[in-house]
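In the order they appear, the protein sequences are chains A and B. Every letter in the first sequence is one number past the one before it in our numbering, and letter 120, counting from 1, is 120. Every letter in the second sequence is one number past the one before it in our numbering, and letter 8, counting from 1, is 1008.
None of the hints are false.
Derived pair list, reagent style EDC-like, types lysine to aspartate or glutamate, alpha-carbon separation capped at 16 angstroms:
no. : chain 1 : residue 1 : chain 2 : residue 2
1   : B       : K1183     : A       : D460
2   : B       : K1293     : A       : E352
3   : B       : K1307     : B       : E1115
4   : B       : K1288     : B       : D1062
5   : B       : K1328     : A       : E189
6   : B       : K1190     : A       : E449
7   : B       : K1293     : A       : E7
8   : B       : K1185     : A       : D460
9   : B       : K1185     : A       : D462
10  : B       : K1190     : A       : E352
11  : B       : K1190     : A       : D183
12  : B       : K1157     : A       : D462
13  : B       : K1157     : A       : D460
Which chain A residues stay away from chain B? Per the calculated CB distances, all over 12 angstroms, these:
no. : residue
14  : I2
15  : N81
16  : K101
17  : Y113
18  : I264
19  : I268
20  : S288
21  : P369
22  : A479
23  : I482
Partial chain B-side listing against chain A, Cβ under 7 angstroms, derived:
no. : residue
24  : S1159
25  : I1165
26  : L1200
Treat the hints as calculated values from the structure; they're not laboratory data. Positions of the beta carbon are idealized from the N, C-alpha and C atoms, including for glycine.
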Amino acid sequence: MIDQILEGISIALTWQAISMVAVGIFAGITVGAIPGLSGVMATAVLVPFSFFMAPTMGIPFLLGIHKGSLFGGSIPAILINTPGTPPAAATCLDGYPLAQKGEAKSAIQMSLYSSTLGDTFSDLALILAAIPIAALALKFGPTEFFGLLVMGLTVISSVTGTSVPKGVISALLGLLIGAVGLDAITGAERFTFGFDTLQGGIGLVPLLIGLFAISEVMIQVEKKISILSQKPATANLKGGRSLTMGEFKKSRRTILRSAIIGTIVGAIPGTGASIATFIGYGAAKRASKNPEEFGHGSYEGVAAAESANSAVAGADLIPTLTLGIPGGGTAAILMGAFIAQGLRPGPSLFEENGPTMYAIFTLLLIGNPIMLLQGWLLTPFFASIVTIRQALLIPCIILFCVVGSYIFHNNLGDVELALVSGAFGYVLRKLNFPLAPLVIAYIITPMAERSFKQAMLLSDGDYSVFFTKPISLFFIILAAIILVLSVWKQPKVSAE
Amino acid sequence: MSEIRWRYACAIVLSVSLLLMGTITADAAKKFPWKPIRILVALGAGGGHDLNARAAASVAYDYLGQPMIVQLVPGAGGKIGMGILKKAKADGHTLMMASSSHTSVAPHVRNMGYEPFNDFEYIFQFTKADYMMAAMASQPWKNFKQFKAFAKKNPGKLSFGSSGIYGVGHLMLLKVMADAGIKLKHIPFKGGGPAYRSGLGGHIDTFGALPATGGTLGRYRRGQIQILGIASKKRNKMFPKVPTWRENGVDFLLASKRFVIGPKGIPQENIDFLVKGFNKITKDKTYKKLLKKMGDKPSPLFGPALKADIRAESAAYGKILKSVGITKKK
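Isolated chain A (complex conformation):
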């Protein structure tokens, strides 16, 4: 194992790989800094471009986007009181008052430091959590996988949003979409309606681009008016002072607390950065010596929110990579990117791709100082794009959507599929159906179906194997507990 780690580090330490991370982080901060563009959308659109790179470059590139967007979202939150990405909503509470006082620059610095530290903390947690699970890889056969995936499906119960029936319908739609294509065991065509494109199933990339990017574009276009026609005075960094060491030191405990909260919340499938941020912010306010400052320009408040939401970046990947259960939208997209690169998330990921995975982890860690550096040097640039016009952005996004879904398999059919998914996603969003259950069900269904059928073939159709094999029984009991808990206490907050 040590030699695999060393090989991984040697793969990671090339200027090509490190510059891909830097490009990813730059793109992520940019996207995060522009209100209306979210990290989920950017990742969905850029996944196909990562296919042209080796896994040790393409995946870190995407992870860089994920990281960068979580920090980038705080820039417009502080400058113009508009969160660049949904999780940055809590950053507005204290960041904007600071900007009004003319302290935008130091507020962004506080956000940068706490984001970087929160992210580093959760990356370390991911690495520590992932390695022991690899030891269990061979214990997982079809029966055990099915147990695990049943538990994965119950995760959906926590991302249903405000309306449970709508969440369930969305999950069932995902199940149906996941069933399109050739039957895993018999090779029979299902729901293909004679279209060749559909024989291989509905592609992940066109589906995600459609659901998350094209539908978003449609919603933005519908608004017609762009948010800002005139730059507010606060969107200006000139004359601001830098954060003092004393101010940073006062927030140290807050940053650590939020990092822990973000990591734990992020590791639970079905919760996301938005929830982590509000929990972290609330906890900081309760523990603070000056709770009255919160909401009126507290540096601690900015630190609490940003450390918590960036801590989700690494933790999000814990269930995704070790169990193959994506915890939410972005995690599902990243999981798709792993699969497309031939890295199959799940207990056997490290057994199969040890060096590659250690290289990816190394780059994930290297990304943190890179983010710090970019934040230091380029903040004036990021601040200047905060008020960019939608009219310029939207055509570019559409271009990326079309090109991205085409180059996925060099197939025009996938572009059509992306457009149809876009329209479909638009309708779902307009009717307030959450998208996360759909995507999670879509990803889990084919794997669960295959494992189920394999297990049935092996047991000659005896269903009791799922309860007699200890690992599968463990997951099924866990699934039952999750289900009971979620019915008993329906969470009020929804994941993004």
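Once you have looked at the hints, place chain B on chain A.
Frame of chain A, contents of chain B only:
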């Protein structure tokens, strides 16, 4: 909307379209190859074909004078990629790292929209690996004879995990069952890797393996796994004690191959140029090192011999499928 913003937008659109146009240059009458060679792979990323094509592409410039670009066109069991290749311009700039599943198996089972031996040129085989059937050494049976006897006493009890339906492993299973008169449960996986690991974990009884992939040789030497049979004419030098399928009374001789094909009608001199260049690639140090890392070794075959070989393979697969009652659905 301000005038200046519109101008910016127009400028961006214009420059993008100019960029796109710049890439479309006229194919003047130049010496082949006058532009990068596209090598399609109709299978998933990170699989054996993808890695093999990339290994060859990594050194191709030195021998072909143009870069070789790997392009993945998976989906619909190869139908999409093979369709693209069939329609591609037959000048030798578009090729495919093909798989036996697409040339020799799928056309027997499904309507693929192409005729494997009329629509394509068979150019060059890079690698070939003999298929084997493996099992954990801890099983009560220690060779194929004992395995057969055990399977006869317990029909439908033992299982075999394959890389997927109608893959080489599945066909080997069909042939083993037919010729040995036994019945096993077929458990198709998504790729050979997961099947192999399920075997190592003891979840299935037997599974497909290749001599050099997945650490098979090491596991065999350490006494972790046993090999019941190998699909080659002669015994494999790395596994001298493993009998061939013919010795076991099973008439199965097929291998997992990676070979380059192109659309029908490529000028012969271009094919000759490619064969010469590919031959040099198989002797390249870097290429050989990359292959060794994947557990493959070059096994060059070209010209009429290659086409005859694939044709024979296709006929053999067709026969196996027919003998178990699997025929093309219209």
